[in-house]
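Novice: Sequence:
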Amino acid sequence: MATENKNLSEYDKDSIPNAKHLRFGIVVSQWNSNITEGLYHGAETALLDCGALASNIIRWNVPGSFELTFGCKKLIQQEKLDAVIAIGSVIQGETKHFDFVCSATAQGIKDLNVQMDIPVIFCVLTDNTMQQAIDRSGGKYGNKGSEAAIAAIKMAVLGK
1 MATENKNLSE YDKDSIPNAK HLRFGIVVSQ WNSNITEGLY HGAETALLDC
51 GALASNIIRW NVPGSFELTF GCKKLIQQEK LDAVIAIGSV IQGETKHFDF
101 VCSATAQGIK DLNVQMDIPV IFCVLTDNTM QQAIDRSGGK YGNKGSEAAI
151 AAIKMAVLGK
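The sequence shown: position 30 = 30 (this note's numbering), numbered continuously.
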């Protein structure tokens, strides 16, 4: 497993640009909220740690991961932002629904990166079990939300 020997929360703060003058949008899926709230907390904490102002972090909620693409698009259209983080969690079930939601969400976020003029960071866990999601949203492997926040800072600066 790719994260087995990596703490997703670790970053070298000295190598991260200061985020003081950057504005971030975070769109959070309410489905599997015990996971997505952990991811949001990780992202927000890392942004603040790297200098972002709380007033420059805008959060929107959407019902599920499938709705992240539309939520991110509308947020970009309505706010002046430097980067957006799409936070979601899809956990494998007994049907193909998992495959369709994961594929559509990934493709939708990719499409926004091609169509829009600001980066949209994919912070959607696609795990086989709830335990895997817990381990990556503040558990034993750290927090993928922190990793997404660092990517958002780096990509926002790249786009300037």
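Calculated from the structure, these hints are not laboratory results.
Some clues are possibly wrong.
[Stated by the list, open to error] Taking lysine-lysine pairs in the DSS-like style, the calculated list, with each CA pair at most 30 Å apart, reads:
#, residue 1, residue 2
1, Lys74, Lys20
2, Lys96, Lys154
3, Lys73, Lys110
4, Lys96, Lys13
5, Lys20, Lys80
6, Lys96, Lys80
7, Lys6, Lys80
8, Lys13, Lys80
9, Lys154, Lys6
[What the hints assert, rightly or not] Derived DEER-like restraints, expressed as beta-carbon distance ranges:
#, residue 1, residue 2, range
10, Gln131, Gln78, 20 to 26 Å
11, Gln115, Gly93, 19 to 25 Å
12, Pro17, Ser55, 16 to 22 Å
13, Asp99, Gln78, 29 to 35 Å
C-beta atoms are modelled at their ideal positions from N, C-alpha and C, and glycine is treated no differently.
Novice: All hints, please: hold or fail.
Specialist: Hints, one by one, checked against the model:
no.	hint	in the structure
1	Lys74 - Lys20	holds (24 Å)
2	Lys96 - Lys154	violated (35 Å)
3	Lys73 - Lys110	holds (12 Å)
4	Lys96 - Lys13	violated (40 Å)
5	Lys20 - Lys80	holds (15 Å)
6	Lys96 - Lys80	violated (37 Å)
7	Lys6 - Lys80	violated (34 Å)
8	Lys13 - Lys80	holds (25 Å)
9	Lys154 - Lys6	holds (20 Å)
10	Gln131 - Gln78: 20 to 26 Å	violated (37 Å)
11	Gln115 - Gly93: 19 to 25 Å	violated (31 Å)
12	Pro17 - Ser55: 16 to 22 Å	holds (19 Å)
13	Asp99 - Gln78: 29 to 35 Å	holds (32 Å)
Violated hints for the displayed structure, listed by number in ascending order: 2, 4, 6, 7, 10, 11.
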